[in-house]
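S.K.: When we follow this note's numbering, the leftmost residue of the sequence shown carries the number 174, and every step to the right adds one.
Please note: incorrect hints may appear among the correct ones.
Derived DEER-like restraints, expressed as beta-carbon distance ranges [said to hold, decoys possible]:
1) I208 x L325: 31 to 41 Å
2) I243 x I203: 46 to 56 Å
3) N279 x I200: 47 to 57 Å
4) L246 x P284: 13 to 23 Å
5) I203 x P256: 54 to 64 Å
6) N307 x S235: 42 to 52 Å
No more than 30 Å apart at the CA atoms, straight line, and that leaves these computed lysine-lysine pairs for DSSO-like [what the hints assert, rightly or not]:
7) K311 x K197
8) K323 x K311
9) K286 x K323
10) K311 x K198
No lab work stands behind these hints: they were computed from the structure.
Note that beta-carbon positions come from the ideal geometry of N, C-alpha and C, so glycine has one too.
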Amino acid sequence: FRNYKKNVTENTELTHPTSTNTPKKSISMILNDSIVTSAYNTINIGSFIIFYSVVLEIFMLSGIMNAVNILFLPIESFLHIGPILSGKLAPGLIELSTGVNNIANNSGSIPQKILLINIIINWGGFSVHSQTNNIIQKSNISFKPYIIGKLLQSVFSIIYTILLSLF
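Between the sequences and the hints, there should be enough to build the whole structure, so can you do that?
M.R.: In structure tokens:
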């Protein structure tokens, strides 16, 4: 990725890493900081996965997911997705691992499964987007190019998968 920065109006000056106002840290402090940060990020990512899995399950049980699936019928029809796998794309676009698992455990044809799984993996799901946004919001990197890139990546995965399935 390129370093796309947000439009920040404040003046931020770069300083040399060996600036005199930065206290030196010992190896044990650096190790401790990295472990704490890693644990925090792991819990944070796991929390997003659990949150979106619960939301997805609530949508499925309440019937909201049926309404969302209707929105994806034209796309599934265009991609010649059969009735067995119909309605499996939308959940995967919300939460990646649940969607991929639903498709993999279904009895649809292998090429259709590969196509849907490619779309979901390349899109990433709103769960993954939330995780990514949570990490990059601490920097001055814009989230918009990331979303556009993931959308383009999904479109290209459709094209490549269809072309490769012809052989």
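S.K.: Hint by hint, say whether it matches the structure.
M.R.: To see whether the hints hold, each was checked on the structure:
no., hint, verdict
1, I208 x L325: 31 to 41 Å, "holds (36 Å)"
2, I243 x I203: 46 to 56 Å, "holds (53 Å)"
3, N279 x I200: 47 to 57 Å, "holds (51 Å)"
4, L246 x P284: 13 to 23 Å, "holds (19 Å)"
5, I203 x P256: 54 to 64 Å, "holds (56 Å)"
6, N307 x S235: 42 to 52 Å, "violated (27 Å)"
7, K311 x K197, "holds (23 Å)"
8, K323 x K311, "holds (20 Å)"
9, K286 x K323, "holds (20 Å)"
10, K311 x K198, "holds (22 Å)"
Of the numbered hints stated above, the single one contradicted by the structure is hint 6.
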